[in-house]
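Chain order of the listed sequences is A and B.
For the record, in the first sequence the residue sitting at position 103 is 103 according to my numbering, with numbers rising by one throughout.
For the record, in the second sequence the residue sitting at position 338 is 338 according to my numbering, with numbers rising by one throughout.
To be clear, the hints were calculated from the coordinates, so they are not data collected in a lab.
We treat Cβ as the ideally placed atom computed from N, Cα and C, and that holds for glycine.
Mixed in with the good hints, there may be bad ones.
[To be verified] To spell it out: a stretch of chain B is covered by chain A in this simulated footprint if at least three of its residues, at any positions, have a beta carbon under 8 Å from a beta carbon of chain A; those stretches are:
{"id": "1", "segment": "68-82"}
{"id": "2", "segment": "316-324"}
[As the list claims (entries may be wrong)] In the SDA-like style, the derived pairs of lysine to any residue whose C-alpha atoms are separated by at most 20 Å in a straight line are:
{"id": "3", "chain 1": "A", "residue 1": "189", "chain 2": "B", "residue 2": "110"}
{"id": "4", "chain 1": "A", "residue 1": "192", "chain 2": "A", "residue 2": "166"}
{"id": "5", "chain 1": "A", "residue 1": "262", "chain 2": "B", "residue 2": "151"}
{"id": "6", "chain 1": "B", "residue 1": "175", "chain 2": "A", "residue 2": "191"}
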Amino acid sequence: MLPELLQGVDAGGLLIIQDSAGCSGRHLLKSFINAALNREEAVHVIGFEVSEEELRDGSQGSPTQRLHFHNAFSDPLGWTDHPAFTVHQFNLEELTHLVKQTSHPKAATTLVIDSLSWILRHVSPSAVCKTLQQLKKGGAVRATIGLLHADMHQRGTVGSICHLATSVITVAPGAKGDEAVAKITKRSKSGKVIQEEEIFNIKEDLTVMVQSKASHTGPKQPGPEEQETDPTANLTFNLRLSDTEREAKEKLALPFVFSKAKKTALLHLGPGSGRILYEPDANDDYDQEDPDDDLDV
Amino acid sequence: MMAAPVESVCKPSAERSPFSATSFQKKSRSKLISIPGTRPSVQNGQLLVSTGVTSLDFLLGGGLAVGTVLLIEEDRYDSYSRMILKYFLAEGVVCRHELFVAAAQDNPDDILQELPAPILDDVAIHKPAEQPRLPCETHDSLDSMMIAWRYQNLPKVQSALASSSRFGHYYDVSKTMEPEIRQAAKCHRFYLPEHPTESSTTRSPVLKSYSALLRSLQEVIHREGFDVAASMAPLAAEHRCGAKNVLGFLGGSHIGSLSDRLSSRSPPEFENTTQDISTSLKYFKSSYSSISKSRNILRIGLHSLGSALWDDDLSCHDNPTHRHSLTAFLYGLRALLRSSLSVAVVTVPSHLIQWGLLLTLCFSVTRYDSGL
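Bound-form chain A, shown alone (with noise of 0.2 Å):
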């Protein structure tokens, strides 16, 4: 599952890395970037919690001229007179016009957030939820992609904020040191809902390497299949007709069976015969089945 997503969300979709204090989910979304730089993609990361150097370290080997990073980290509130990005400016028209400026038009482009967490101290839920929707909705972005620390914020507010992601991952410590063990929720566009829990570590080159399969919740294999019997294989009379057989068959004339001729005669209606008009109604329906169908309750 885990592989499945970083080889890319689907169009219009939006990924929530939910991760703790216990176990932080940003070498995940790191990831996920160069997983995205890999596929051709540009990214755009709109950085509140770590610089940009810091955020570019140990991507050296993926092709790193596609990652635009939004320096939200030096001054996210606007405290100075030039801030590069702030909380405020997260609405739909200034992400569009930040990605329209600075990518190749007709490249399919990612945005991640760093974290989600920064913002939803400073703006409405709402707010970010609507944004989130708008974003969703096509339009500048191919996909999102958010960190949010879930133990900063009330239950209401990361359920809702998830309620709108296509795929939600969370991230819990895993038994050992180097090891985390993924909760992985999938919404497919026909509203199908996948669930799975995967052990995971991450290498130093940032690949996902899936251990094993916590539980899996999916649908059970299906037994061997049923031998179908053929239930006229060993029957004590003949149910077949060999070919004279049916020859024969078809020759007899039945009883009232009368030719063309006189069928037409015999359709064929005088002028003084009659018609049966009959119009249904809901009365008709009468449920010989309920004995109280005819009483007036």
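Starting from the known structure of chain A, arrange chain B on it as the hints suggest.
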């Protein structure tokens, strides 16, 4: 002497279509108004419509009473509750009811495009009735009936009720409804992003988004004549100021002539009273004309009310600032529907709402847990 009654008998039947030429009318058991896709409740005679899910109708005691609100608490991933909403709307399309769809997340058109396909036994509901075949045409198909060939020339009779007037239908979720069937239904849409509402600064009990929705609903109900018709329906507990009695006395044309006469002959001292009477009569006249139009049901589907996309922070905070907004809206909705021929299904993401909201305002609350 005999010519006159014969003529009077023949005349109306000649005006009718050949398929309704019978004067035979079965004595109807109920004197309730009959709208396709509705039936009176067995318990209390309330007018019921189907939710589209036959088993849910059974749980609700036969169906949804017209003029009430069904609140559905969404399951976590909104898959089952959304399905119920779509069934409710699809049932309205099949019964030729009018629809009102409001949403903040998805465009109402998208919801309408996902309606499940009805399983109909009479596929030809929109096709004209089959003409009786001429004897010469049947020559080719004579062999098609071997035994019961005598019935070959008889016109096909629809013995079951047309599916649009039946109560409750079955749907195939794996298919979506054909566009021709869907577009035959009259549908009103409310998509919140298309209704720009400035952020509320005044301390009104209802959020701007909700009051815009309520206003839009009210307008549709008034304009399409769903409100007044309800005073004739047995479900309304109180009849509006005896309007029914007045209408019983005065036909539509009489009201017009009477009010003209009153206004032309009025001495100046009675001018005010006469004005009052004539305006009230005008009101009755307009209501009478809207009643005499064929009555129909308005089905209202409101998706994910109370979510953050409706500008509501009810689901975001433990201590929301607009804590009474949804409640006030539901009050308004209930009051609006109570005297109208409309029925609403509202889905609410209650799993997100932390604040202990008492959702007792609705007629019935259904909670769906997704089996994941």
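Worksheet item: Between residue 262/A and residue 151/B, does the CA-CA distance stay at or below 20 Å?
Response: holds, 15 Å
Fill in: Three-residue Cβ test at 8 Å for the coverage of the segment 68-82 of chain B by chain A
Result for this restraint: holds, n = 4.
Worksheet item: Is the hinted pair residue 192/A and residue 166/A satisfied, with a Cα-Cα distance of at most 20 Å?
Response: Holds: residue 192/A and residue 166/A sit about 11 Å apart, inside 20 Å.
Discussion item. Between the segment 316-324 of chain B and chain A, are there enough contacts, at least three residues with CB-CB distance under 8 Å, for the coverage claim to hold?
Written reply: Holds, because 3 residues of the segment 316-324 of chain B bring their Cβ atoms closer than 8 Å to Cβ atoms of chain A.
Worksheet item: Under the criterion that the straight-line Cα-Cα distance not exceed 20 Å, is the pair residue 189/A, residue 110/B satisfied?
Response: Holds, because 12 Å separates the two Cα atoms, which is no more than 20 Å.
Item to complete: Take a quick look at whether residue 175/B and residue 191/A sit within 20 Å of each other, Cα to Cα.
Response: At roughly 14 Å apart (the allowed maximum being 20 Å), residue 191/A and residue 175/B satisfy the hint.
Violated hints: none; the structure is consistent with every hint.
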